[in-house]
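Peer 1: Letter by letter, the chains look like this.
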Amino acid sequence: MIRDQEFLKDIASYCIENSKKLGATDVGVKVIHSVSENVSFRNKKLDESNRADSFAVNLTTYIEKKKSSINSSDLSKSNLEKLIERCIDATKITPSDENNSLPDKDLMSKEIRDLNLYDETHYPNDKKIEFLKKVEEIASTDEKIVNTEAGFTENKNNFILANSNGFLSGYKTSNFSSSCVAVSKINGAMERDYEFGSTRFLQDMMKPEEIGKIAADKAIKKLGPKKIKSEKIGVIFDKRISKGILSTLASAISASAIARGTSFLKDQINSEVFPNSIDIIDDPKIEKGLGSQNFDSEGVETNSLKLVENGILKNYLIDTYYGKKLNLKSNGRSGGTTNLYFENGDLSFKDLLNLEKKFLYITETIGHGGNIITGDYSVGASGFMVEDGELTYPVSEITIAGNFKEMFKNITLANDLEMKYSTNSPTLLINQMTVAGK
Amino acid sequence: MSNFFKDTDIDTSQAEAIVTETLKNCDDGELYLENHKSESIVLDDNKIKSSTYNSDQGYGFRAVTGEVVAYTHSNDISKESLRKSSENLKDTLKSKKGTYNHEIPKTNSKYYENINPIESKTFDSKIDLLNSVNNYLRSKGSIVNQVTANFLGEHKSIEIIRSDNQVLKDDRPLVRFNVSVVLEKNGKKETGVYGVGGRQSYDDYLKDGSWKDVCDEAFRIANVNLESKPAPAGEMKVVLGPGWPAILIHEAIGHGLEGDFNRKKTSAFYNLMGQQVASEGVTIVDDGTLHQRRGSLTIDDEGTPTENTVLIENGILKNYMQDRLNARLMGTKSTGSGRRESYKHVVLPRMRNTMMLSGKYSQDEMINSVDKGIFAVSFGGGQVDITSGKFVFNCTEAYEINNGKIGSPIKGATLIGDGPSILKEVSLVGNDMKLDPGIGTCGKAGQGVPVGVAQPSILINKMTVGGTKL
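For the record, the sequence lines run as chains V and A.
With the first letter of the first sequence counted as 1, position 26 gets the number 26 in our numbering; the numbers rise by one all the way through.
With the first letter of the second sequence counted as 1, position 260 gets the number 698 in our numbering; the numbers rise by one all the way through.
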């Protein structure tokens with residue numbers, strides 16, 4: 001069972017009081033309890049069952065402008081006492097930094113709105129097992145599927161965030177997720193693909209049959225890929241990966257990257273970064289949203305932000321520390337974005353595929369080939385050729401490369417946005433990238 | 439005597455009794471206890487950005503029968519918590535019946551000392567050194583735009599209690615010191631990163647001003663990249679430098695030779711045992727026994743002593759890397775490759791220090807033999823799709839080769855290849871094998887573990903380079 005707010009509040013208050021007693025001028029603390037249960041299946045048999053029960057306390061103490069932190073999983077007061085002492089000792093001898101401080105009091109979250117982030121339903125392991133049996137049964141229908149794996153995870157979390165300015169708040173969240181990985185085989189060569197669903201509420205979970213079918217269909221479609229010739233071509237990003245473009249944007253407009261001067265978007269605020277048809281929104285207050293939150297990791301109130309409006313970069317993602325460096329107020333983005341998405345474009349998926357005679361359609365990228373400082377981008381990729389609007393054959397062992405500055409300016413969006421992850425994008429076309437193959 | 443039950447309501451013999459009772463109808467399993475202390479001190483943007491100390495303790499209780507793994511973990515080392523975990527494990531495996539395998543090899547070898555690196559260097563002297571790094575690099579001129587340096591140190595004590603009171607212990611130090619520098623010239627910015635580390639104290643890596651060598655190397659790489667031009671796109675010859683570029687070996691074939699993927703037949707290598715998978719001069723081992731190396735372990739996380747496992751010998755596939763579960767199901771022995779990130783994670787077969795051994799050619803011979811290609815000296819990270827065998831890695835320092843001569847530096851590009859066929863494309867193996875500086879972390883199924891790699895220079899006949907220039 002997940003521990004209640006009172007239990008967590010007691011520990012948080014203990015940490016704050018003891019830190020102050022030992023000389024801390026300011027204190028911030030987070031206490032978390034999470035319980036997670038996971039069952040996984042492989043080839044229609046139980047493979048693994050895993051139960052986790054975890055506590056964590058994260059404490060930061062300040063002495064004027066000096067700061068140090070400790071983290072621990074042992075919530076016993078005897079352990080915390082020792083660690084608080086250690087933290088204070090380290091704080092005393094850590095050099096000052098004029099930007100170290102708790103957030104401004106008037107920016108703190110004042111009230112908790114129920115965003116419908118907690119479903120108390122417990123899904124017992126034998127139900128999870130039934131669910132997974134159905135997933136795998138469908139996934140392994142076709143004889144080309146030679147291996148299936150499926151998993152179901154249920155997570156319950158409760159936390160308290162507190163600081164010595166009197167902030168003390170937290171709430172429960174839950175998460176249910178299910179996945180299926182299917183391996184297909186033809187002529188000795190194998191391909192792997194997957195489907196994945198994640199929701200706050202059990203009742204919103206995809207049907208098991210749907211998860212199994214999508215994973216298997218995708219794995220079969222990938223069989224017998226060709227390596228194509230190197231060329232410049234328009235590249236369409238499937239929804240599973242187009243959201244990565246938004247993650248790159250988020251890294252590049254974080255106050256830390258801007259303040260440190262290590263972003264390819266430095267000095268681009270109020271400039272046109274995307275085509276003027278593009279709006280990008282980060283909204284923390286979506287009911288049941290996977291990225292939803294009442295306040296950020298410092299307790300600062302978070303509200304919906306238009307990061308990009310008509311193609312123009314309007315906001316950075318600002319926390320307290322780097323905000324001070326930039327002379328800007330925190331906008332509640334300590335810890336990053338919340339529910340981040342592109343507003344839909346004008347074209348249907350089908351119309352997008354028909355914009356040119358030939359495209360490369362990418363369903364998966366591998367590697368970490370994005371450089372936030374220069375904007376250079378180069379990753380391994382696989383997907384399909386699109387000819388006259390139809391996916392004609394699978395493609396693999398190629399790379400796609402470009403520079404984000406150029407890529408951003410050449411984006412065309414479809415109108416098929418779905419809120420499936422915390423970061424979401426419609427299908428996205430980037431006109432002209434370099435593909436390296438044969 | 440165990441330290442884990444001090445200040446708890448349970449003693450070692452009671453814990454042993456619960457373990458024995460829980461596992462009596464199982465094929466394998468153990469209670470794994472872990473105490474992990476770590477610190478991170480970061481200098482960034484001329485300031486000590488953060489200093490953090492982490493203290494984590496807990497247990498992972500595992501029961502295995504047939505192919506099924508039941509696992510629970512908790513921070514709460516108490517009678518009540520262990521009992522509940524025991525019930526949970528027995529419930530999961532209630533329909534199964536196994537026979538416990540008591541056999542586990544013993545070792546007297548030790549590959550590192552039991553020191554706590556966090557305590558063996560004072561906090562003050564760490565802060566001083568980080569400030570010296572900052573001053574030293576910034577004194578190199580106004581092109582230095584940003585300096586980040588950090589200490590990461592840890593000490594992990596583990597204890598494994600197996601059925602019938604078998605207890606195995608290990609104490610593991612680990613440090614890493616990292617420097618990253620951003621240079622700016624004519625409006626162009628580039629980064630250089632370098633680091634060192636292993637299972638010793640910080641000072642073993644930093645004494646006699648050797649921290650300056652780390653700074654100089656990061657500075658040199660950034661400087662080279664300031665002059666870089668767009669990388670070529672397409673298939674060409676690639677010469678890899680010695681040392682860290684061996685992450686190609688790690689990604690391209692290492693993961694594919696881990697026991698679990700082969701038992702499950704999801705690895706592109708699963709039916710290639712005993713076959714030629716590499717050119718004749720290629721021998722690759724995975725060695726957990728190198729003294730004080732980042733990937734070394736005295737015993738693995740199931741208690742099996744590590745060893746030097748030959749994976750590929752003169753091009754022939756010889757062995758997979760095994761933990762106890764996969765070894766049992768494949769009718770072979772554990773190679774001491776059972777690893778987990780922490781008590782929160784299940785054991786998986788993993789790499790330790792993966793090394794391609796030296797051949798007879800010089801690096802110059804390789805470069806001279808290339809008309810058009812690239813010379814890759816250092817890499818960022820890599821990734822592999824085990825099933826299709828396709829893998830990538832990102833160059834962080836590379837040059838073009840024209841008519842047998844090294845030319846201009848080129849921008850970071852991804853290289854992509856096919857695991858089962860890439861080693862057949864290795865046409866020359868160098869005589870200059872080198873270990874990496876001790877900075878690698880391998881990710882698998884959401885678990886990160888420290889690893890090492892090594893290789894000599896090699897010439898690959900054909901690989902796809904993912905640049906922008908056609």
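If you're looking for bench data, these hints aren't it; they were derived computationally from the structure.
Some hints could be false.
35 Å max Cα-Cα, derived DSBU-like pairs, lysine-lysine [unchecked claim]:
id: 1; chain 1: V; residue 1: Lys438; chain 2: A; residue 2: Lys900
id: 2; chain 1: A; residue 1: Lys444; chain 2: V; residue 2: Lys82
id: 3; chain 1: V; residue 1: Lys133; chain 2: A; residue 2: Lys444
From a predicted model like this one, the values you see are computed outputs, not experimental measurements.
Peer 1: Does each hint hold? Answer for all of them.
Peer 2: Consistency of the hints with the structure:
With a CA separation close to 10 Å, the supplied pair V/Lys438 and A/Lys900 stays within the 35 Å bound. Restraint check for A/Lys444 and V/Lys82: satisfied, since their Cα atoms lie roughly 16 Å apart, inside the 35 Å limit. Distance hint between V/Lys133 and A/Lys444 is unfulfilled; the C-alpha atoms sit about 44 Å from each other, more than 35 Å.
In this structure, the one hint that does not hold is number 3.
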